[in-house]
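Chemist: Given next are the chains, with one letter for each unit.
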Amino acid sequence: MVAGPGGLRFVLNGRPVRSRAPAGARLAQVLREEFGLTGTKIGCDAGDCGACTVLLDGAQVCACLVPVGQIEGGRVVTVEGLAEKNGLDRLQRAFLITGAAQCGICTPGMLMAAADLLARRPSPDETEVRDAIGGVLCRCTGYRKIVEAVLLAASDRPLPTEPDGRMGARRIRLDGPDKVAGRAAFGADRRPREALELRLVRSPHHRARFGIGDLEGFRARHPGILRILTAADIPGRNGFGIYPDLKDQPVLAAGEVRHRGEPVLALVGTPEAVRKVDPEELPIAWEPLPPVFGIEAALAPDAPVVHAGRPDNVLIEGRVRRGEVETALRGSAVRAEIAVETSFVEHAYIEPEAGFAVRRGDSIEIFATTQAPYMDREEVAAVLGIPAERVRIVPSACGGGFGGKLDVSVQPILAVAAWLLDRPVRTVWSRPESMAASTKRHPARIRAEAGADTEGRLTGFRFHGDFDTGAYASWGPTVAQRVPVHATGPYRLRAALCTTRGIYTNGPPAGAFRGFGVPQAAIAHEALMDMLADRLGMDRLEFRLANALRPGDVTHCGQRLGDGVALAACLERLRPIWREERDRLAAGRGREGPLRRGLGIACMWYGLGNTSMSNPSTMEVGLSQEGRLTLYNGAVDIGQGSATIMVQLCAEALGLPMELFDQVLGDTARTRDAGKTSASRQTLVSGNAARLAGLDLRRQILRLANAGPDAELRLEGSLLEVREGGRLREIDLRRLVPGEGGEVLRGIGSWDPPTEPLDADGQGVPYASYGFAAQMALVEVDLELGTTRPLRIWAAHDVGRAVNPTLVEGQIEGGIAQGIGLALMEEFVPGRNENLHDYLIPTVGDVPEIEIHLIEEGDPLGPFGAKGVGEPALIPTAPAILNAIADATGVRPGRVPVTPDRLLAALAAAKVQG
Amino acid sequence: MHIYERPRDLETALALLAEGDWQVMAGGTDIYPARVDRPLERPLLDITAIEALHGIEETGEGYRLGACLRWSELRDRPLPPIFDGLRKAAATIGGRQIQNRATLGGNLCNASPAADGIPVLMALEAVVELRSLRGVRRIPLVDFVRGNRCTALAPDELLTAVLLPRPRGRSRTTFLKLGSRAHLVISITMIALALDCDPAGRILRAGVAVGACAPTARRLPLLESRLLGRDLAEPLATAVDTAVLAPLAPIDDIRGTAAYRRRATLVLLRRGLAELATPLRGAA
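Here the protein sequences line up with chains C and P, keeping their order. Mapping the first sequence onto our numbering, position 515 (from 1) lands on 515, and the numbers just tick up by one. Heads up: take any position in the second sequence, counting from 1, add 914, and you land on our numbering.
Hint data in this document are derived by calculation from the structure and do not stem from the laboratory. Not one of these hints is a red herring.
Selected chain C positions facing chain P (Cβ under 10 Å, derived; list incomplete): (1) Ala-25; (2) Asp-45; (3) Gly-69; (4) Asp-131; (5) Ala-132; (6) Pro-842; (7) Val-844; (8) Val-847.
Reference listing, derived: stretches of chain P covered by chain C, where coverage requires no fewer than 3 residues with Cβ under 8 Å from a Cβ of chain C: (9) 943-954; (10) 957-968; (11) 1012-1018; (12) 1094-1108.
If you want the footprint, here are the derived chain C segments under chain P, 3+ residues with CB under 8 Å: (13) 816-827; (14) 833-839; (15) 896-906.
Please read all numbers here as calculations on a predicted model, not as lab measurements. Note that the Cβ used here is the ideal one computed from N, Cα and C, for glycine as well.
Chain P extracted, bound-state conformation (with noise of 0.2 Å):
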């Protein structure tokens, strides 16, 4: 008979995952496709009926999420400015079924290069909360996720939330995907914004960063850097240019060559700042 653990409290599947070889599992979907003529070989723990993995929480620092949050919930409920890009991101992953199963942290654990989660966290500089018996540690999601499906989370350690720092000025965000046809596409490239401006629009953080183009999502410092202190009324689509991809290390494959996914994303780079200088520039 298979293993099947779902424990309602964090302390229980902390204990499990500290003395055994788990397969955890959130919504199920990515567990699942992965297994079409397989059964599932290792034992599940099921963590969705952990109530301290759920919601979403305003903090002193800024915001908590659960890492068993669900887009669908990302993408429906009302919330502040810095969460468009996040909402946007939502509403690309798979179809509805998906978006309501899959969660917050199954996508990031996953990591997938293409994970549509990614680039927003990634771009709000978010920082996951790491739990094992053994204590808590907090590290940037740039540093969590190392590669194709690899990250540094330990054996015996469960993704438990993911912190968003409260922006320092009005936050505009958001997030450009592009594929072959309108639904249910894994992403040829995708671009995360999040800029942070002064009253008077002048970047006083900007967050960029860029999914399917490398084995993870990368940040791109250097447009970063040229953003810094520009003001969002001016054409920002003129800090974008090839140089500003090096981190990126894109692949020929069935959904587009290297070449082509450089270019895009080059194109939905300036688009995106273009999205967000707009209505900025309307309400000056």
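Extracted from the complex, chain C is given alone in its bound form (with noise of 0.2 Å):
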């Protein structure tokens, strides 16, 4: 045996350590579980991610694929031991500049790369960068600052400070510290003492019956299981979902399985134990049944039916309609027809579901993580069947989200176990789990067609898209709602009529994916432009701006636009650009050999919150007697920043500096309900809510100081000084009386989008603010090989204000990368790529430089002006990207991604060759 009796030695950030894990053991998993150091990351256990990156003898490894037996006598440095003694070092202090960490999941391991290649090239360049980070995945920040992150931290010029301020500020995010140090805590990083490992037995059909044998045996055949879960051990509701009469996903399945990857059992034990089984070995009788797969299939009249009470398989249907679509077409001097078709697209944010569940007498609390702790508290009582109040969520930082993680995962199931045996139980999933059973991007099939006159002006649009729900309906009414409110795009129309449709199959749950099907439908909306503006003879862009929606414009759900409609300054903005790379492709032209280039323009709308629902938030502010101010945050950040701007914005308002606030995020027993991290809310909803806490707190401390609005604040220890003109009030904090939670004073703020419903045409204000965009990509083909790379992208952004400039660009760069994924290689297949090799998102050599246009015109409601970008970022890129590839060979594909065998059988049915 390699491990002597005294264990096996090695250095471990410059300590001498001994361990005493099996020499097989992955050195990821005894970094973790054996010394604590949590900070390298689990992203995929098959060396796919890079999250778990540590240096071995000074060079960059996969943690997750060294044994331990191989480490004997070498050197490990994690990113626990990068920090210098003092303070984070220079390559840290770089990220956070930058705002290289968002989620902060990919951190570490990026982390590492970078360190082991400033040992080897202290001054690299771009291309050396890229290079020594390309095996490390990220999700949210496109790369484009982390490349930026290194190349500063290996420059000779000091470090940037950071800027003062608040509102409008490029503040270094609060979060940043904990993520580049690998202190923060995410789902799989912590664990009560003693807890008991679950894991579940997945469906390995697409469709099935089943029966279950004898558990009872198979338990006690496997010391250390403890207790195995079927569906008839659910206390209250076996069954989750996003809508009250939606509940139609069970947490574990009863007799029938709809989709692969869906949990049938629960096994809860001891770690060793629950890994050890084969689920092979479960006394599990499948019976597969023929499955339901795309939206044809599930539509043709002798189709089986997913669901009993949906004969059809039909979900729900969404429609818009104003005016007479068919006339206004018909009376078009110009018209032009699009049929699209898209792939379930998976989230693969890099930290794969995890938590814990810990049972206090009749009350049970989880950690996890998530993006809506309140929905979670919501369906974890219904299926314990308890009162929401005896449940607690406290999110973990949440390794990236991206709309799968508004359904709730582990979360039920944890509770369940943990309230039956009254014993803490966690567990992990692995990323194939993780694949096959988490929501994804729903396919779409689309027809549209639109019209124009002479002048120009667009006339009538028809669409239709049906989008295939999967197995369940979690979020697809959603996606039904929404698509047919922005299927248009952003333009004026005299006509519309948008129809959809939700289709249950037998694919995986489609749910939430940054843009509830709007970038589907932009595929299909920008494509149309193009089209007719080239039989106008028009230019592409200005055919665009011509049609933009402006301040005062009715849209065609009949809703008015106030200001706040910055689109055609965006236009405006890229236009420049575009005629200098139009006239620059144009000289090129017919010298290019096999390789084409072509440039792409898309715009978007995008409504931010809920459809014509409330979707209210509420957030709170403290002053303590110690002269400290505690923002409960119940936002969650899954890394987009909402737990840096909600002190910023509230700082601005109360007058106050950032410093001075701590923060308690989204624990559901001391934060308010700020609704959940989705549709691009939280910096219009929360964001509001938050300047009305600072606003209430400052009211109060004016009326305490008996001060007028424009008195300034300054907190010095528990002396608080309000200054009004040359009059200054001092108020000691220590003589006022502490209310609850020790605070003298507390702020509150409350803010719900002024929305009104639609009635059965789809007319009425879906939303009481939008966000807009256009962006530019170019793009080359190889006309021989089918390939497209993105050579640049400009993204030109209607944000209001920017909270956080810095911030606000990172989405627009991490959605940019998801939008090149959609476009050109993302294509989930249940159970032929459940893994992160087999499934590609883009790398840091796919994501070209981006040039990023802020349009600041401010938004009457967003709070000093600003809205929301998260999903805005994502939604033009894949639509400019098929523009651009269109103008490069004349061929517009039909059927995302864009793969180089669909785009190279493309060109040769359109005879264009190199």
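Build the complex: two chains, separate frames, hints provided.
Modeler: Written out as structure tokens, the structure reads:
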């Protein structure tokens, strides 16, 4: 044996240590479990994501692939070993100041890969940086700021200092230091001592009936397995789902499974025991049934029925109608038609689902990765059959969400197990089970048609989209309702008819994914805009600008837009670049060989917050006797930065510096409901709540000081100074009577976007505020290989006002990276690519230079003019790329992703050759 | 307790192999990913501590590459032109983390149809050295890799080295890989070229191999024979047509269709030949 009786010796972060782990154990697991160094993250356990990158004898390795038997006598450095004695090292500080960490789950791996490079090459160029971090996947940032951070750290320039200020300042994200130090606790990073482990046994079939045999006998043969849970063990409702009337997804399937990866049993026991079980040994008798795959199959007259209550497999229909579309189209000078088909897309957050549950008397507490703690609380309560007040959700740091962590994942089953066994229970999903079980972007099958008159004004727009919602409803209704409202694109129209259907199949449940179906629809409307412009002989940008929605226009939902509509400004900002690039392309035509360049443009709009539904947020801010402020912030930061900007907004309203703030984040026992982190709503909705909470506290302070609204505040320990003109009032906070929680003052703010219901024709006010954007993509297509390489992307976004420009840019760059994936490489096929080497997301080498233009005209409803950008960032990217491909080749691919084989086939069909 | 042995000398390793059922492990970069959801079951025989399996050595007949040579060593070390193609392949095997652990021998023994290391070695007419207590045998790589995850290795044998024959003249090699993204990508198709030329640029020996288009990498003998005797300065791409692809048997999968693989392979072959011709032309 390798490990002698004294264990296996190596040097860990400069200190000699001994491990008692078996020699075949993975280093990543040993670092985390034996040495408690949870800064090393496990994203795939297969060397595909690089999150576990550490240095072994100075060279970067995936700790998940290194048996500890091989490190005997070696030197291991983890992210915890990177920090200098007096704090973070230069590389970590460079990550902070450039905004290179968002959710933070890939950050330790990125840092270690970069540290490996900087030790070998102290002054690398950009190509060397890309090569060095090419083995670490990031789903949030689009890599641009990471590359920038590494180059900055390598330079001999002093690191820029963090600017002061609140609203509008490029503040370092408040959770940044913990993330770059590897201290942030994600779902798998904490566990109570003596926690039992839970492992789900999942269906290997897409559709099947099943019977369960002798579980007691199985358990008896597997000491260490304490309990095997089945559907019969769920104390309350064995179902969850986003809509109150659509709790159609079981916690554990009862007799029938509807998609591959659906959980059937839960094994609870010691970690060793549950990990050892081979699921095939379990006494489950499967009767596979023919699955329904794809929209066409699900709508066939003799299609198997996925849910008994829906004999036609149609979950829901959506519709917006304005004017007489047929008449408008018939009277058009030019018309264009398009068909678009898209695929299941996986969120591919680098943090798989994980968490633990603890029962405390008649209450349950859950620590887990999530985007929606208050929704989790309600689901868990119903599943346990207890009131919501007895459920506490404590969100972990969230290692990426993008909509995929809006549905519950580990929460209900952990709650059931901890409740029934009265012991702490944890679970961590493996990458394959995360990919098999989590929700996906809806595959869409779209047909759309639009017309324009001789003046280049849009006339009518007709759209129908079928969306494959997979085995369960999840956010299918949201997609079906949101798409018709956005399907026309951000343009003025005389008439429109937009219809949708959500279709049940035996695919994975399709849920929320950055844009709720709008990115798929945008591919169609932006293709039509190019086709109409071309048919009219008009410039593609000018055609869009001529039809762009402006303040005061009426949308096809009949909503009259107020101010805060800056699409025209986005297009005008891009116009000179567009012209210059088009001229450059025209000059280069005819001598490109097999490589053909093309330029594409696309616009988008996106309603912020829920569609025609109340979605309020409430924030509180307290002031302690010691002069510290606490923001009780229920908005979950999934990497986008809400934990930073809420403080910026609250501090701005209150008139005190951010440095005085502490925060309580997401904990349902200590914060108010801020709603879920979805629909790009937190900046607008919770941002207003944070602002109002700050204003409320300020009002109370001013009242105490008997001062007017323009007074200046200053806190010096327990001494609160209120200065107005030449007059100074001092309040000694220690002399005020502390209320609940030991605070002397507490401000509260609530905000709910003003919307109005939509009628049967979708007429009404679906959203209070919209984000707008235009993006341009320059691509190079290899006509012989069918490959497409984005060379540069320009993004002009109407963000109202940027609360923190660094974070806004990070959202845009990350959204663009996901848009590149949607356009060119991402297609989830159940059972075929449930891992991160067969399912491809963009790497650092796939994201080109991105030029961002923030359009800041202010939104009248936004906090200090700000509005959301999370989903708007992604929506125009794929359409711009597809339009660029069409520009380069004359061929418009109708199916995304445009993989090399698909594009080459389309080129061959159109007889386009290099 | 899971059994794990890490002997320091070859004899011990061979003796263990002769006695029991072992999963031989070097870099671990194929073994662990295949066991994401389940524990290691077979005993592991870790061969990375065996000094004799490391390093690159020039011999009378050519080069001897230790089975435990890591891809990063091939990528980063200054080596003669015969290694150019292998160096390019090394840089595409996973990310740097993988290249720092994964080994030459592991890539061959794992025998994935998409193994990035195999086509170049096949084009170079590499021979593998297999040792057991029974003795040593040397067989051409093309005979060693028998199918998808299937090799000629006997249960008691260890792949100890890869032998590259000395080039018959100036060696020019390259490797081109096609995938759907920039890093960390499994090949849709890949080609390797190894041409030995006389000082005037006439091709004395041509090795051409294609990966990810059949259960194993395959050589293209028709193209090789067409290239023989031609001058590097000629437009060699004319030697490439669909007939040369006869040994391939590509499939449709999530990475691409069979038809696409054929077309793309032709393009890569032409580009690879053009690349090898270019510098000589300039020098002439």
